[in-house]
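Using the sequences provided together with the hints, build the complete structure.
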Amino acid sequence: MGNGLAVVFGGANGIGAAAGRLMASRGWDVAIVDIVEDRTKVVAEEIGGKGYICDIGDLQAIEATAEAITLAQGPASVLVNCAAILQEQKTLDDFPQELYQKILQVNIQGTFNTCRIFGGAMAQQGKGSIVNIASITAHASSPLFAYGPSKAALVNLSKSFAAQWGRSGVRVNSISPGMVLVDRVKARPPGRYATNPDDFMALGRRIEPEEIAESIEFLASDRASAITGIDLVVDAGFFVSNPWGMYGGIPK
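The sequence shown begins at 881 in this note's numbering and counts up by one.
Don't read these hints as lab results, they were simulated from the structure.
Ideal placement from N, C-alpha and C gives every residue a C-beta, glycine not left out.
Incorrect hints may have been included.
What the hints assert, rightly or not - Below are the BS3-like pairs computed for lysine-lysine, each with C-alpha atoms no more than 30 Å apart in a straight line: (1) K1066 / K921; (2) K930 / K1007; (3) K1132 / K1039; (4) K982 / K930; (5) K1066 / K1132; (6) K1007 / K1039; (7) K970 / K1066; (8) K930 / K970; (9) K921 / K982; (10) K1066 / K930; (11) K1066 / K982; (12) K970 / K982.
Claimed, not checked - Derived Cβ-Cβ restraints for the label pairs, each shown as a range: (13) Q1044 / G1084: 37 to 47 Å; (14) K982 / E925: 23 to 33 Å; (15) S1021 / G1084: 37 to 47 Å; (16) E917 / Y1127: 47 to 57 Å; (17) G1129 / G954: 51 to 61 Å.
Structure (structure tokens):
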């Protein structure tokens, strides 16, 4: 099913690692890019791809990584942007300015730069697909005062790139996952949330990384050849179930 090179930023863990594994299993050549060196090596070796160490908050590092990937594996057909800083909840009075700026630098500017560099090359080739991982926090308020706005910007940015490169054969879409059971979420102690998060999902459960990976691979592939500029919400029914709270909750 695969037909080229998929470059996965943030590919050493969670959604990115799941996407890399799935795409490799379906015939894609895969480049795993992450800032965590040991995990990058492990995942790359596991799937038979190549690993690259890069901080997407550093433009020069992205440029060097793009050059290294092209030399080693050829031009990218697909770019998947999963790398981000996931903010812990903080009060407004307890939010360091440096942390706020770092989150925006990585989540918005870093993704802008990976899209610009790899997407620009795809436009010159006349074909390509980019999938950016946003979040349901892009679509509603939350106490994540940096993470949420950064993901809202990413949804808008994806639509802008889709219009910019559409006539050049490059499709750009985003995915807004709900609560995904990545290691960091699983490690949170009991009582981290005021109520059971599963109670807020129409499906009565949270999401596995592999389920987001399926959506990524679909949008990346030619099976989605007429789809560009959308944000695909994959939330286990979080948004549709929440209004029911005013009426006693959804049926069990």
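Review point. Hey, K930 versus K970, does the alpha-carbon distance stay inside 30 Å?
Key: 37 Å, violated
Exercise for review: Decide if the proposed pair is consistent with the structure: K930 and K1007, CA atoms, cutoff 30 Å inclusive.
Suggested key: Cα-Cα ~23 Å, so holds.
Practice item. Could you grab the alpha-carbon distance between K1066 and K930 and see if it respects the 30 Å cut-off? Key: Distance ~28 Å between K1066 and K930 Cα, so the pair holds.
Review point. Are E917 and Y1127 spaced within 47 to 57 Å by their CB atoms?
Key: 51 Å, holds
Exercise for review: Could you say whether the range 51 to 61 Å given as a hint is met by the Cβ separation of G1129 and G954?
Suggested key: 52 Å, holds
Exercise for review: Decide if the proposed pair is consistent with the structure: K970 and K982, CA atoms, cutoff 30 Å inclusive.
Suggested key: Satisfied, since the Cα-Cα distance of roughly 15 Å is no more than 30 Å.
Practice item. Take the C-alpha atoms of K1066 and K1132, compute the straight-line distance between them, and say whether it is at most 30 Å. Key: 24 Å, holds
Check your understanding: Is the Cα-Cα distance between K921 and K982 30 Å or less?
Key -> 25 Å, holds
Practice item. Compare the distance between the alpha carbons of K1007 and K1039 with 30 Å, and conclude whether the hinted pair is satisfied. Key: 17 Å, holds
Review point. Under the criterion that the straight-line Cα-Cα distance not exceed 30 Å, is the pair K1066, K921 satisfied?
Key: 23 Å, holds
Check your understanding: Is the straight-line distance between the alpha-carbon of K970 and that of K1066 30 Å or less?
Key -> With Cα atoms ~20 Å apart, K970 and K1066 stay inside 30 Å; holds.
Review point. Falls inside 37 to 47 Å, the C-beta gap from S1021 to G1084?
Key: 24 Å, violated
Checked against the numbered hints above, the structure breaks hints 3, 8 and 15 and satisfies the rest.
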